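Number of protein chains: 2
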Amino acid sequence: MSHPQFSSSLLENAVNEFAKLPGIGRKTALRLVLHLLKKSEIEVEGFGNAVIDLRKQIQYCQVCHNISDTDVCHICSHPSRDRQTVCVVENIKDVMAIENTQQFRGLYHVLGGIISPMDGIGPSDLEIESLIQRITTDNISEVILALSTTMEGDTTNFFIFRKLAPFNIKTTTIARGIAIGDELEYADEITLGRSILNRVEFSNSFK
Amino acid sequence: MSHPQFSSSLLENAVNEFAKLPGIGRKTALRLVLHLLKKSEIEVEGFGNAVIDLRKQIQYCQVCHNISDTDVCHICSHPSRDRQTVCVVENIKDVMAIENTQQFRGLYHVLGGIISPMDGIGPSDLEIESLIQRITTDNISEVILALSTTMEGDTTNFFIFRKLAPFNIKTTTIARGIAIGDELEYADEITLGRSILNRVEFSNSFK
Chain A
0 MSHPQFSSSL
10 LENAVNEFAK
20 LPGIGRKTAL
30 RLVLHLLKKS
40 EIEVEGFGNA
50 VIDLRKQIQY
60 CQVCHNISDT
70 DVCHICSHPS
80 RDRQTVCVVE
90 NIKDVMAIEN
100 TQQFRGLYHV
110 LGGIISPMDG
120 IGPSDLEIES
130 LIQRITTDNI
140 SEVILALSTT
150 MEGDTTNFFI
160 FRKLAPFNIK
170 TTTIARGIAI
180 GDELEYADEI
190 TLGRSILNRV
200 EFSNSFK
Chain B
0 MSHPQFSSSL
10 LENAVNEFAK
20 LPGIGRKTAL
30 RLVLHLLKKS
40 EIEVEGFGNA
50 VIDLRKQIQY
60 CQVCHNISDT
70 DVCHICSHPS
80 RDRQTVCVVE
90 NIKDVMAIEN
100 TQQFRGLYHV
110 LGGIISPMDG
120 IGPSDLEIES
130 LIQRITTDNI
140 SEVILALSTT
150 MEGDTTNFFI
160 FRKLAPFNIK
170 TTTIARGIAI
180 GDELEYADEI
190 TLGRSILNRV
200 EFSNSFK
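Line by line, the protein sequences are chains A and B. Everything in the first sequence is counted per numbering that gives the first Met the number 0, starting at 0 for the first residue and increasing by one. Everything in the second sequence is counted per numbering that gives the first Met the number 0, starting at 0 for the first residue and increasing by one.
The set of hints was computed from the structure by calculation and includes no laboratory data. What you are looking at is a predicted structure, and each value in this text was computed from that prediction instead of being measured.
Identical chains blur together in the list; that is why a pair holds if it fits in one copy or across any two.
DSSO-like cross-link-like pairs, simulated, lysine-lysine; straight-line CA separation at most 30 Å:
(1) 92 <-> 162
(2) 169 <-> 92
(3) 92 <-> 55
(4) 19 <-> 37
(5) 162 <-> 37
(6) 55 <-> 37
(7) 38 <-> 26
(8) 19 <-> 38
(9) 19 <-> 55
(10) 92 <-> 19
(11) 26 <-> 92
(12) 26 <-> 37
(13) 55 <-> 38
Turn these sequences into a full structure, and let the hints steer you where they fit.
Structure (structure tokens):
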């Protein structure tokens, strides 16, 4: 390109870096960079170093593999959590989503993904062996599978379910159904069908 | 908040920094940070340092006040640009937009904003004095005002127009009208009205 779009290579470099982020186009990248340019040097250093420090110093909990500042995360080391129930999730966003409900007092196990042959992700790329290890060493009575209801999620669920079979452990999966507040006519057929098959006693539905 | 949303303060800090950016909510911020976490340390350093270096080393062209890596930007120092025509714009994004058209071979003058009493921006906050200085010292024959057609843009246009009056210099403004490809029925009345008043000879419309 003989006609330079940017008047400064520093500017161009910063815009290119932002444009690499998912969902950020070049126009948005430029807008974000020009926003940062208006901030003080200290503020911009705070921004840049927050990301660099996170990447350099990041640790994962040795027990559940969630992101943690310590060897064992605050959930796994919490004295009042139910250590017999382990909820298996795909990633740390799922841990945060479940924690926000304040309905679960057990521990987690973060797989770090789901089995996806299309993306070249097999069982050995995930924290499945370490889950089995926890089952054998810790006194766990129930494993809750909370993966997404996609083909990959179902495959992973079934793989883990089979791995757990020899241990004679209670294995459950989170309830699927019509979301609270949703109207039936807009629900997809599969969800609606499953929610009829998996209907619960009315008196239990308020629990 | 006794119930920590984030399992790591490093993670929380990085998400908070991203969420300060305009148009980036906390969910998007988390998604961007987790994306960066998957990258190598070198890539993440490249990202963070690109922003820090830009802010620390940024320079503005002494002539036109555009962002530049050198004292005088590549447009102002370009030997084949028309040094007698100066296009006055609000910010560097406007310079890039006009440069991308490849229709303008003159120089620019970046005001750094427009007069906006609501935001506390007066003429002295903008590069207007330095524009007058250029008029008096350089051999400029035409000033093109290319500000936005808002009340603030019109105010700024008029302020500069009056400042330029004593110099007996040609002052023009960019053409306003129906965008090429737009249908008349969807154009707003003011634009359509102006485009009729400022109609051009048909033979000139192909230039």
